[in-house]
Amino acid sequence: MASSEALTTTGYIKHHLQNLTFGQHADGTWGIAHSAAEAKAMGFWAIHLDTMFWSMLLGALFIWVFRRAAVRASVGTPSGLLNFVEWVVEFVDDNVRSSFSHKNDLVAPLALTLFVWVLLMNTMDLVPVDWLPEIAKLMGIEYMKVVPTTDPNATFGMALGVFVLTLFYSIKVKGIGGFAAELTMQPFQAKSPILKVLFLPANFFLEFVSLISKPISLSLRLFGNLFAGEMIFILIALLFSGGAVLAVAGGVLQWAWAVFHILIVLLQAFIFMTLTIVYLEMAHSHH
Amino acid sequence: MNINLTLIGQSVAFVVFVWFCMKLVWPPIVTALNDRKTKIADGLAAAEEGQQAKAKAQEHAQQVTGEAKEQAQEIIRRAEKREAEMVEEAKGSARTEGDRILNAARGEIDKEANMAREALRTQVAALAVTGASKILSREVDADAHAKMLDELITEL
Chain A
5 MASSEALTTT
15 GYIKHHLQNL
25 TFGQHADGTW
35 GIAHSAAEAK
45 AMGFWAIHLD
55 TMFWSMLLGA
65 LFIWVFRRAA
75 VRASVGTPSG
85 LLNFVEWVVE
95 FVDDNVRSSF
105 SHKNDLVAPL
115 ALTLFVWVLL
125 MNTMDLVPVD
135 WLPEIAKLMG
145 IEYMKVVPTT
155 DPNATFGMAL
165 GVFVLTLFYS
175 IKVKGIGGFA
185 AELTMQPFQA
195 KSPILKVLFL
205 PANFFLEFVS
215 LISKPISLSL
225 RLFGNLFAGE
235 MIFILIALLF
245 SGGAVLAVAG
255 GVLQWAWAVF
265 HILIVLLQAF
275 IFMTLTIVYL
285 EMAHSHH
Chain B
125 MNINLTLIGQ
135 SVAFVVFVWF
145 CMKLVWPPIV
155 TALNDRKTKI
165 ADGLAAAEEG
175 QQAKAKAQEH
185 AQQVTGEAKE
195 QAQEIIRRAE
205 KREAEMVEEA
215 KGSARTEGDR
225 ILNAARGEID
235 KEANMAREAL
245 RTQVAALAVT
255 GASKILSREV
265 DADAHAKMLD
275 ELITEL
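Residue numbers (our numbering), protein chains in the order written: chain A, 5 to 291; chain B, 125 to 280.
Any given hint might turn out to be false.
To be clear about the criterion: a stretch of chain B counts as covered by chain A if any three or more of its residues have a C-beta under 8 Å from a C-beta of chain A, and this derived list gives those stretches [unchecked claim]:
#1 141-147
#2 158-172
#3 248-256
Calculated from the structure, these hints are not laboratory results.
Positions of the beta carbon are idealized from the N, C-alpha and C atoms, including for glycine.
Make a model of the complete structure from these sequences and hints.
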């Protein structure tokens, strides 16, 4: 199952957790890293080809399917795909309406994109862990991590996008002054200017931490849940090499965990969407 | 598990997908949904209106039928009354006519009887005169006893 690393338990797990990284080697040439150490050595200016490939493929799938439905959408009776798409759209729309009370044409499509995209990426976790990497190996690709949301880059990337939007709307709605006041004039409030200045550092510290913690918690929550799920699938997959009894036990466990994981897959996508809506609502409203 | 350029790549992909969704996916679907909602609401309102109109029409029809029935009853009632009247009238006129005919006939009979009586009286007078003249021959002079004979006739 592993290739460059020895066929050990540790090697197997490590291999499964290694992204297909493209970047600059130590000798100055550009190429794909052949080991975890090489990938690490590439530093920031490297890119995970597998994460990018699968996330963009799934994002494109989302856009393609929903665009097809959107083209067919009409006043008449919907059927088939359109029915399903409308159901998803209405579900997201209801959620946005219930948590977001301002006028903004971006929030609902943003929520829909995040929900469906994250859901699709999470769902890759339900594909047995060895299938796609083995196929990739047959095609000569050494590493293949198929669940983009188990790559912190993917979750941080989305959270970063949400964070930038939060900052943008905070400043747009409240003005730079209003936003700065929000960061420095609470939670400790005072009437006199001297006290205000005195409270400023503490306020700023608390508010800044809470501001920064939003994208971090948003991305780490998704990453942590999916990474843990993936890890358990990998550990269960190890059972398959331990004889007939363990293989049967592994099969049952994998099935059971997959069924349970469906819940996590859906729930995490939903939480990611809902929190995004909530953060944008907070950015729009005055405190 | 390293944080690297993938982060930026994912952010860019995220922005692109959200933009696509915002421009190409969300508006047509939501527009269609809203339009359909409006259409359904209109349809329901129209159905409601139609039902109301139907109820109204039924009420009107019932009213008209009721009136027509009443009128028919009235006409029948009048006709029956008229029939009875006509029968009464006919009976009355028939009775009058009958009476008239009866009276006329009676008058005729009286007249005939009077005439017959008159003729009989004249004949009896003549017979009496003849008989008497035959019996008395001489003693009775027709002219002299004319007065007496007339009295006799009236007495008959």
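So, going through the hints one by one against the coordinates:
no. : hint    : verdict
1   : 141-147 : holds (count 5)
2   : 158-172 : holds (count 3)
3   : 248-256 : violated (count 0)
Checked against the numbered hints above, the structure breaks only hint 3 and satisfies the rest.
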